[in-house]
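Student: Protein sequence lines, in the order shown, are assigned to chains C and Y. Counting in our numbering, the first sequence runs without a single skipped number right up to 387 at its last residue. Counting in our numbering, the second sequence runs without a single skipped number right up to 1091 at its last residue.
Fair warning: there could be bad hints in the mix.
[Claimed, not checked] Simulated pairs of lysine-lysine, BS3-like, Cα-Cα distance not exceeding 30 Å:
no.	chain 1	residue 1	chain 2	residue 2
1	C	Lys-27	C	Lys-56
2	C	Lys-56	Y	Lys-1034
3	C	Lys-56	C	Lys-176
4	C	Lys-115	C	Lys-384
5	C	Lys-384	C	Lys-176
6	C	Lys-82	Y	Lys-1057
[Claimed, not checked] Every beta carbon over 10 Å from chain C, so not counted as near; a handful from chain Y, in silico:
no.	residue
7	Pro-1015
8	Gln-1039
9	Asp-1071
No lab work stands behind these hints: they were computed from the structure. Since this is a predicted model, take the numbers as computed values, not measurements. Glycine residues also receive a C-beta, built at the ideal position from the N, C-alpha and C atoms.
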Amino acid sequence: MKVGTLTWEFPPRVVGGIARHCEGLAKALVQQNHEVHLFTLDFPGSPNYEEMDGVKVYRASTELGHPNFLTWVLMFNHFLTKRMADVVHSVDFDVMHVHDWLAAFSGISFKHYLKKPMVLTVHSTEVGRAQGLHSPDSFSINGIEWWAMYEADRVIVCSQSMKNEICDHFNLPWEKVDVIPNAIDAAKYQTSVDRGAVRQRYGVGWGEKLILCVGRLVPQKGIEYFIRAIPSIAKRYPEAKFVIVGEGWSRDILEAEARASGQNRKIQFTGFASDQEVINLMSSADVLVVPSVYEPFGIVALEGMATGVPVVASKVGGLSEVIEHDRTGFFVFPKNPESIAWGVDRVLSDPDHAKWLTENAKDKLHKAYSWEAVAMKTVEVYRKVVG
Amino acid sequence: MGESNSFRSQPDEQPNQLRLLIMLHNIGATESSKSLTIQQISEWTRMEAPELQTHLKKLIEQGYAQSFRSDETDKYHLTVDGIRKVLSLYS
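Turn these sequences into a full structure, and let the hints guide you.
Tutor: Here it is in structure tokens:
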């Protein structure tokens, strides 16, 4: 099958989970002998065309700009369309696969121009990301999301909770939506890591605890509630150090929150970290906290499970489908610092039980979340629309 | 801290420094070949040069922007971390 994929994020343009999802899926499709042409935006230092493990990656350069975000999105869709137009004359695509609303204009254009079916993966929604529709831009994005789902022949989401959310919010027919969970390349996480050296690099000495939080620094990740839990955790575990990995627009606010916590000298913001450094940190941490308030899937929890770190996560969205409470991790209440502190204490106070949790988690991971399985299920969806 | 960061604010409610970062991204100042002078940025953003210089200095200190001298003029563009910070708003 010949697949044309459109996404605004693809490595090294990594913002959230979309880039990693598109990379994992595209490579797995190629391994199953499908042809994937992936159209995305440029990023400093990246070529405008390359092949990555057989995936043909075309990057569009946005030659015009505008201060308004939505206007800029329309403009980059024009350049994405132009980049794709160079290719469609020589490749007879079977299906167009669009990821999220940002590339929807381009995808919808090609659906009609080529008379080919379009599949849309909804990774999250505006109403979920912004916790409501509070601005004209949000209302507009919400409308574009609806339009993209209406135009799509099939819609894919990564969790049952996302299916419930979009069918409820957009009045989407239940039978139009397929649930295909995310995955990770578990082998990537089985590397040998010098835990002592990693911990030392982050100022965590012998006998001290490393409590890790990884995610974009945006409100939906709930990191403010993790920071508010730190005084309680530090009271019980004075030797604990807290490392927050990620970048995002609310970093200033979170750093101010850390200063106000009275525990600032124990809290470290690393900024964006490479995949390998995230693996190093997860492999060296005593606990991984995932305090999200909105989480369509929660791939970071899978990454934690793969490295063998005990996971403490909010029981929201896709996380509630990834983790089994007190079997593969601990659930805590969202937006609840006391509950987060309780979860961390459950892990740190009983290392044997924590180890049992991580063994169960690894076992579940290998059985349920592989890119090979995701690719096979995605091809089943393609076959439904190709006929 | 209150709940003020719980929702994404409208552009005119965002701190000017973040607003400037977003604007620099959206007008395309994302690498050295696309860098802009203070005057060009001022024309796009309608911000006065002294205020722009204050914000740009802070963004450079934080690692979100960088500057270089070309033809005896300072030019500015975002770093990769700056781009990621902006994109986090919408992903």
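Student: Hints first: check each against the structure and report whether it holds.
Tutor: Checked hints:
{"no.": "1", "hint": "Lys-27/C x Lys-56/C", "verdict": "holds (10 Å)"}
{"no.": "2", "hint": "Lys-56/C x Lys-1034/Y", "verdict": "holds (26 Å)"}
{"no.": "3", "hint": "Lys-56/C x Lys-176/C", "verdict": "holds (29 Å)"}
{"no.": "4", "hint": "Lys-115/C x Lys-384/C", "verdict": "holds (16 Å)"}
{"no.": "5", "hint": "Lys-384/C x Lys-176/C", "verdict": "holds (11 Å)"}
{"no.": "6", "hint": "Lys-82/C x Lys-1057/Y", "verdict": "violated (37 Å)"}
{"no.": "7", "hint": "Pro-1015", "verdict": "violated (8 Å)"}
{"no.": "8", "hint": "Gln-1039", "verdict": "holds (16 Å)"}
{"no.": "9", "hint": "Asp-1071", "verdict": "holds (22 Å)"}
Violated hints, in rising order: 6 and 7; the structure is consistent with all others.
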